[in-house]
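My request is simple: use the sequences and hints to build the entire structure.
As given, the protein sequences belong to chains F and C, one line each in that order. Just so we're aligned: 8 in our numbering is position 25 of the first sequence, and the numbers increase by one with no gaps anywhere. Just so we're aligned: 399 in our numbering is position 391 of the second sequence, and the numbers increase by one with no gaps anywhere.
Since the hints were derived computationally from the structure, they do not count as laboratory data. Fair warning: there could be bad hints in the mix.
With a straight-line cut-off of 27 Å between C-alpha atoms, the simulated BS3-like cross-links for lysine-lysine are [what the hints assert, rightly or not]:
#1 C/Lys260 - C/Lys244
#2 F/Lys(-10) - C/Lys85
#3 C/Lys85 - F/Lys191
Okay, the calculated bits of chain C under chain F, using three or more residues with CB under 8 Å as the criterion [said to hold, decoys possible]:
#4 115 to 126
#5 206 to 219
#6 336 to 345
#7 384 to 397
Label-pair distances were calculated between CB atoms; the ranges are [what the hints assert, rightly or not]:
#8 F/Asn258 - C/Arg377: 41 to 49 Å
#9 F/Val131 - C/Gly307: 42 to 50 Å
#10 C/Met218 - F/Ser317: 49 to 57 Å
Ideal placement from N, C-alpha and C gives every residue a C-beta, glycine not left out.
Each chain, written out:
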Amino acid sequence: MEKFSFKDILVLIAGLFITAGVAYAILTVTGFIPTDIAKLFYEGAFVGQRNILNTLNIATPYILTSVATVISFRVGMFNIGINGSMYVGALYAAWAGYRFTTLGHLSHVSLCIFIGMLVGALWMLMPALLRVYAGVSEIISTIILNFVAVLFVSYMCNGPFRAAPIAPTTARILETAELKQYFPNSEFHTGFFIAVFVAFAAYFVLNKTTFGYELRSGGDGLVGFYPSRYSSYLGIPSDRSAITGMLISGAIGGLAGAVIVLGNTRNFYQEMAFNQGFDGILIAIIGKLEPLGGLISSLFYAALKNGGLFVDYKTEVSREIVVILMSILIFFVSAQKIVSSLERFEFVKKLDKFFSRKVK
Amino acid sequence: MNKKQKELAIEVKGITKSYPGVVANKSVDFTVNKGEIHALVGENGAGKSTLMKILYGIEQADEGEVSVNGNVVQINKVDAAIKLGIGMVHQEFHLVPSFTAAENIGLGEEPRNSNGLINWDKLNKDVSEIAEKYGLDVDPNLRMIDASVGIQQRTEILKTLYRNADILILDEPTAVLTPQETDELFQVIRSLVDEGKTVIFITHKLREVMEISDRVTVMRDGEVQGVSETKKTSVKELANLMVGREVFLQVKKEKSKPTDVVLEVKDLWVHDARGLVAVKGVNFEVAKGEIVGIAGVDGNGQTELVEALAGLRDTSRGEILFEGKNIEKNSPRQRRREGLAHIPEDRSNTGLNVRLAIWENLIGTSYFRSPLSRGGIVSMKNILRHSNELRETFDIRSPGVTIRAGSLSGGNQQKVVVARELSEEPALTIASQPTRGVDIGNIEAIHEQIVEIRDSGKAVLLISAELDEVMSVADRVGVIYEGEFVEWVDPSKVNQEQMGLYMAGIKG
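Okay, here's the thing in structure tokens:
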């Protein structure tokens, strides 16, 4: 994998500047004072305990979905179905949360998380098997399964899992199944630590274990390298790697859904709409398909989201404009070639060399 | 020498170009006369390709100036080079497989009718005319997906001629060709020059330099080592200039002393990817202490035979005995464990994962063993030490082992494969085209290593389309034709002509 270099930081800075320019223009034209909006945006993302906690809370599922993306992509499978795994993982975590009544706190939470991950993984079993044994593109099958997941969970909380006669929702999970919220003014909960742990674990497994090497041997690029001649030539079964990678990816996707239910909503209801599975792909790519890169990008992305929400809440700036500005920022931040014209300057080269020094 | 040849088609003065960590061209001066065939030789990484990329506008020089036909020019993009009459045929072809020859040639420059639609008749006619003029036999309506490598190359040449190129740069054009196709290419090059074109011919096969070129420039480490008229120099001299030290073109080795049989193949039948029989009941043995060569034109079942031996392809009938045990059902990993190494012919897809780092490619056969990993956890310290040792032993030229294998030149990629496979000290090494795309100094090194393996009592099966290679390295050679062995020969007792006949399937 390509490592981070100084150029990436330049891209980020250049992206921020260009977006600031565009934002200035749009806000001025629509009759706002850009500097005030910028201050509010910054405040919403980074200032004060409550705002910081909210940023971390928003980041939690993104960290998990981006790590899920990283794993499947680097195995060589283009998994677009993490959102689907999130839905089913969330639904069954909720089910386990109210269904098992005699357990202690730790064992109940662990069981709910385990079930969420298991269901999320099983959700990816079919596309993985279809890819390996029938040659069905995992892109197609996982996209379709995303639609299936939405309809499936909607049916389940309307039917078999429905608790309240008035609204299509599951029963509230028991207190023993809750992920703890630590502060009265924010939904920030233990799930954040779980997500950070998962990111570090994924980093360790992918880069520091023979298992991770076998997983990556057939892929390790942006998309779609399965089946790899290289790994089968070495005698590493690339079929097994592809399936394993998809299952792990699905399990982490399921976990992302589970922590939302166990930590934030405490039940699963029909109107729950996830898009973190899709945003996770974007975040993972901005993070250079490294788990820790995904972790950092998730925090950045969540800060943007939270800042945007704050502006939306505090001012008359319409929600659409906030979303547009965020999209522009993401767009420019991922525009690698913006800074290639800067490379001709000697000091940029030197800085680049300095920051990209590696172990020899 | 006539007056015409004194005019300069290209004059390059003081070109310097550096990439992060490496200076690819150091104040290079390079001139090409009008109407000549100029060979540019040098090892991989000597800076030939960089120089040509600068001429063709793909890369920009840091310093220096370029003159074309006597005028100083700025070539800052490929379009500018094409306008100046420079055409380049890359080593990897840039063709649309589903398009016909004419469609590929006209792409972007299509002649149009008055209504703005493409005038296919004119395009086909133009293409045929140019093809006929220069003796380039290409059917304009042939789709590239169905064309042989030789025809694809001719299409590429036509593409440059269609854009009125006067100066043609051919980047290692013979690397992918069979001997017959090479001869045809040389005829084409001669007729191009007869029609007043100038050809720059990049290669590291010195025999070809002697055969085709008028003048030759030798590069090493980004610098020009010498320029000479071809007839005033020799292969030996060029080789020494290229490598920078004395080179022995003949492999030095003692007579082989074969002992126990390691590999025994009995009545082996193998089908190819399309389900056709590719290997038709071959029988042979490889013993410890000998190098068995398999010669033959590409596509006569060598690929399938090697894949079957290495465990990458199922056999349909027959037996493969390795040290007396049947290994047909064993996975590639199991075969490796028993002592079989495999240098595959397809380096970039099979032999390497070019997206992985060099060290990750180097540990492909050993990562699961101590000290590289313990209990499933890799030890980066030991891996980097191991990788750097291999990098030094096998002279892999790279700034480090943590960069991607894909960023290495072809020859250095091959050295990564060879390093990984030979470091295992296998009982039998199957080496398929081990020196394809590798430069002369390193070919020598790889050949020496192969002989060394043999002398340490190990067995080698060497498959190569380069007749010279098989004949000079192997102790015993089987010539394969359409999936069967035509003849087994002692390379010291047979001449090239006789081998040529065997390779064409004619028994002596």
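Here is how each hint holds up against the structure:
A hinted pair counts as satisfied when its Cα atoms are at most 27 Å apart, and C/Lys260 with C/Lys244 qualifies at roughly 16 Å. A hinted pair counts as satisfied when its Cα atoms are at most 27 Å apart, and F/Lys(-10) with C/Lys85 qualifies at roughly 24 Å. Between C/Lys85 and F/Lys191, the direct Cα distance comes to roughly 43 Å. Violation of the 27 Å bound is thereby established for this hinted pair. With a threshold of 8 Å between beta carbons, the proposed coverage of the segment 115 to 126 of chain C by chain F is violated, since 0 of its residues qualify and at least three are required.
Counting residues of the segment 206 to 219 of chain C whose CB lies closer than 8 Å to any CB of chain F gives 0, so the stated coverage by that chain is violated, three being the minimum. For the segment 336 to 345 of chain C, the assignment as covered by chain F holds, since 6 residues bring a beta-carbon within under 8 Å of that chain's beta-carbons and 3 suffice. Chain F is given as covering the segment 384 to 397 of chain C, and this holds because 6 residues of the stretch bring a CB closer than 8 Å to a CB of that chain, at least three being needed. The hinted range of 41 to 49 Å is satisfied by F/Asn258 and C/Arg377, whose Cβ atoms lie roughly 45 Å apart.
The beta-carbon spacing between F/Val131 and C/Gly307, approximately 47 Å, falls within the hinted interval of 42 to 50 Å. With their beta carbons about 52 Å apart, C/Met218 and F/Ser317 fall inside the hinted range of 49 to 57 Å.
In the structure shown, a violation is registered for the earlier hints numbered 3, 4 and 5, in ascending order.
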